[in-house]
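There are 2 protein chains.
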Amino acid sequence: MNNNFRLLVISTSTIHGSSFLTYIKNDLVDFIQTDELIFVPYARPSGISYDEYTANVQKALKDKGIRVKGLHTFSDQKDAIKKAKAIFIGGGNTFLLLKTLYELDLVSEIKSAVASGLRYVGTSAGSNLTGLTIGTTNDMPIVYPPSFEALQFLPFNLNPHYLDPDPNSTHKGETRETRIQEFHQFNSQAVLGLREGSWLHVEHGQIELKGVLSARLFQQGKDPIELNPGQLQF
Amino acid sequence: MNNNFRLLVISTSTIHGSSFLTYIKNDLVDFIQTDELIFVPYARPSGISYDEYTANVQKALKDKGIRVKGLHTFSDQKDAIKKAKAIFIGGGNTFLLLKTLYELDLVSEIKSAVASGLRYVGTSAGSNLTGLTIGTTNDMPIVYPPSFEALQFLPFNLNPHYLDPDPNSTHKGETRETRIQEFHQFNSQAVLGLREGSWLHVEHGQIELKGVLSARLFQQGKDPIELNPGQLQF
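Each protein sequence line maps, in turn, to chains A and B.
Numbering follows the numbering used here, with no gaps: position 199 of the first sequence is 199.
Numbering follows the numbering used here, with no gaps: position 150 of the second sequence is 150.
Careful, some of the hints might be misleading.
Identical copies go unnamed one by one, so any copy, or any two together, can satisfy a pair.
Below 25 Å or equal to it, Euclidean Cα-Cα: the simulated PhoX-like pairs (lysine-lysine) are [to be verified]:
| hint | residue 1 | residue 2 |
| --- | --- | --- |
| 1 | K111 | K64 |
| 2 | K172 | K62 |
| 3 | K172 | K99 |
| 4 | K62 | K83 |
For the record, the hints were derived by calculation from the structure and aren't laboratory data.
As the structure is a computational prediction, the values presented were derived from the model and not from experiment.
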């Protein structure tokens, strides 16, 4: 993993009983070390517009004095990414997000900017993209992206909103764990299940699991294990 | 819709408190009108092998005198489909199933055989394929198919294992309804949410909803509606 990577890889923007970004706001502001943040709204949760989604982030970070600009408002988006100090890719639909980044030819631009030290914040779909592929997203494939290859900052895949099997469920759809085990029939990379309220802080070549919950690590051919908050080894 | 289509589009192979195929077995046997069934095991639930999966179906249908052969055991699979009277495509991972059918060049073969009267039974992933695209599957995208276009027998999309929102949930992942509404931001076809225990019987140009539960119909730009068992209009 590149030592220049500075990433905040957040499972969810919102936790139960709290409003959008509230629980993570202080950590996000500490992490970005700037008062100018570029927001990438392409994942469009519930199909809201880029402007609406960006306004939600502006509102959530206003009391911290952060000026948020939507990437879609720049006439030259590649130039905006080059000049940015921090970007935040919000959650929504992972397929739509990745397809849009490929269509706008921004995948390699973001990769090279982050490799040069651009600070990257992702929530949910935006966190999925920090892994090797989007092959472990929970989202519905509402559009067809040209590839499932993601930004590949981390040497594994993410599963945000990781959900433990419900022992009382009568539903016969697959559990999250079953789905990830199916993934490992065809893919060798590890998958980190990040529960809601957890996030990864990546800096100086180190990956730290933050929040109070453990994360669940799935490796091909092995039993899954629980990783406690603190520094992770990969 | 082609009047020759004979389809049994089943939400799930297994319902709570019952073993594999038990609740649907009589209807399946009545529908296929043959004692020779070709089973398509490519969706590999939980990654089980083609042989294991086929053996499960053989075992489940043995007491009905149905001889089940796995499509993978034929040296000429296209010829096997041409000569078959009934095929059954089992559930598992929809991405894997569709990718495998494209790789084996069986998509057009199955389409033309069903258009000529081949009886088609699908459960879960096998039911997803009867719709226009797999864009409303619940499955994890563990492999990348060359297209999301499905077999397109029905003029809409399916969502098997349809699950109503849980009013007590504290989880912040999207509900099924939210996901389907996101789908409708980018796709115009209707989506039929088939609850576990429901199935469609298609014959003589008619679509009948079977089982005791209603199904939920999502149409672009409209509020979802509940459809009661009985004949459906599309």
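Could you tell me which of the hints above the structure violates, numbers in ascending order? Failing hint: just 1.
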